[in-house]
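Colleague: Residue strings, one per chain:
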Amino acid sequence: MSQTTTERSGGAVKAAEPKKKVALSEGKKAERRLGWLLCAPAAIIMLAVTAWPIIYSVYLSLQRYDLKFPDRQEFVGLDNYATVLSSPYWWNAVWVTTVMTVVSVVIELVLGMALALIMHRTLVGRGIVRTSTLIPYGIVTVVAAFSWRYAWTPGTGYLAELMGGDPVLTEKIPALAVVILAEVWKTTPFMALLLMAGLALVPDDLLKAAALDGASGWQRFTKVILPLMKPAILVALLFRTLDAFRIFDNLFVLTGGSQGTSSVSMLTYNNLIKGLNLGIGSTMSVLIFIAVAIIAFVFIKLFGTAAPGSDDGGKR
Amino acid sequence: MAEIVLDKVTKKYPDGALAVQEVDIEIADGEFIILVGPSGCGKSTTLNMIAGLEDITTGELRIGGERVNERAPKDRDIAMVFQSYALYPHMTVRENMAFPLRLAKVDNATVEKKVNDAADILDLGQHLDRKPSNLSGGQRQRVAMGRAIVRSPKAFLMDEPLSNLDAKLRVQMRTSVSRLQKQLGTTMVYVTHDQTEAMTLGDRVVVMRGGAVQQIGAPQYLYDHPANLFVAGFIGSPSMNFVPAGLENGLLRSPLGDIQLTDRIRRLVEAADAPSEVIVGIRPEHFEDSSLVEEHQRGGGHTFTSNVDVLESMGSDKFAYFTLSGEQATSAELAELAADSGTAEASGGGGVSLVTRIDAASTAKEGEQAEIWFNADKVQLFDPQSGRNLTYTED
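For the protein sequence lines, the chains are A and B, in the order given. So the number in this note's numbering is just where the residue sits in the first sequence, counting from 1, plus 703. So the number in this note's numbering is just where the residue sits in the second sequence, counting from 1, plus 4.
Looking at chain A on its own, in the form it has when it is part of the complex:
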């Protein structure tokens, strides 16, 4: 209700603009006022819980502010940014995070697509197949992460036994592989769920038509299903990439950031909460925020968000 009202008043504003301020009737004004009022609670809450913390972080990132030495707080301009961006720890964390994000999201996309196709096509036991697929996503990440840690701990863990008893979590590359495995296991169902919603949008008639036009199963998938699912794939990739870039809980439990396996979030946590350095920590938060914004922007620019079929291909 509130949405339609605000949309309509919004439309009225746009329509009125080109005519250079046509005087609005009393009814129209009342409608606009109602629209603003209906938006207001949501807007205020958004300002309080997102805009303010962001602004405050930016402010803190421009200060020297270490809680261990609260007296020495002062404005230092971009010094904190110079410190962080010239730190090898930061760049190692960026590298680790990027690799983990790319590898895990690619694996999740492939597996998620396979799962989505299976869930979409099963005729018998559809409910059971879907439920069992979604179980990993339903388990609390920290709980699952502890299970993985015990499983990989030599002496007690069955996975460690299987792999010959090596302490995999104590070496950089194997540890990262285990973290990625845990991530993939955990979030592939989410990917599959998003992709399945996209699959449901592909009309059966199109697949039948493609079959008659001479397309093999693989050709139907690549030439019809994938292009039509593009918006759903984009949304799924965007969600997962942003999530994966901010990876924290799995890493926190499995390696604690040791052996150079820190992600950017992990490093930020260590500086901000453990190190009590509000200035450096906030600087890192702001950098993560910028990175995430760039990822979202690139996705939308590169792939377009509109449904396929419009002449401009949905690019903006």
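It is worth saying that the hints were derived from the structure and are not from the lab. Ideal placement from N, C-alpha and C gives every residue a C-beta, glycine not left out. Please note that a few of the clues may not be correct.
[Claimed, not checked] Facing chain A, a subset of chain B residues (Cβ under 7 Å, in silico):
no.	residue
1	Met84
2	Ala90
3	Phe103
4	Ala108
5	Asn112
[To be verified] Covered, in the sense of this in silico footprint (three residues per stretch, anywhere, with C-beta under 8 Å from a C-beta of chain A), are these stretches of chain B:
no.	segment
6	65–79
7	92–98
Following the hints, put chain B in place on chain A, whose structure we already have.
Modeller: Just chain B, lined up with the frame of chain A:
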């Protein structure tokens, strides 16, 4: 191009539902055949089996003399046009039409030529670089046809291709489909629930009901010689009038009065071993305002007088509606037809309703008595139990 033979083709779903039973149809090379019937009669399932989109449970399907039951749709070399058109929304019109050729790895020059040829035939030239979402319904429909014709398949299958168009465009497209089929000379199987399309388009019409073929024949033949009550009621608009009657010694006792059967009909009825209760079927155009019937013709018919409920003037002729006292004709087939056309409740009121098509010169008036004549030799008698046409002749 090829002939298509369905040999006792049956479709049974895993849950036991019988969608199509023992359908035998021989479709000649280049023939335009229509599958028609109410929804759920199995016509689309039959078409999907020909296309390969549904498995055939038993029976054999041959295209061009070869058994194709086990072949995938893409290996049957047939093209299909869907009711929804099924155009690929992410491709332009040109890419849509070229799609089957690209998959067949045809070289670029040939693709270009064939797409342009098809676009010329279908008058799509100026739309080739647009996306389907920017086209009108009629244009999309033509693109779907274009995609079917570019690769010159053995046969075209059409699944209610005109149902999504508005009435006026449908009539236009009907003519162009017919012209296109003649021009290309390709075998075409066309599914519709619209008996007008069936009558106007096909070389032959297959009337289906409940998964079984009721009758196969040329449109005019089905109209003149329906094999049963269902075909009689389904073909023709407005549909045939059905009146219950008792049959005694060549005399029909009906709400229209006592009708003396003509010698020709009497012989047929006797040969058919008719029951004593029958349903009389008379087409609306076999009625006439009796004042407009020549004296010498009148002997061959029967006259009745009744109150005109509604009179519709169509310009070229008039439709006069009557309600006669008596019980309505009942049979399983008539009930199904009424349910399909949505008139089950509408005609529930007491009395037998009758539609007559009379000359525009008639002076009959709404709400007044009119004397109506009909040709007694044109009546058809049906067995209410089996629905069989008791006056059916081969010629």
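Colleague: Could you run down the list of hints and mark each one as holding or not?
Modeller: Status of the hints after comparison with the structure:
no.	hint	verdict
1	Met84	5 Å, holds
2	Ala90	4 Å, holds
3	Phe103	5 Å, holds
4	Ala108	6 Å, holds
5	Asn112	17 Å, violated
6	65–79	holds (count 3)
7	92–98	holds (count 3)
The structure shown violates just one earlier hint, number 5.
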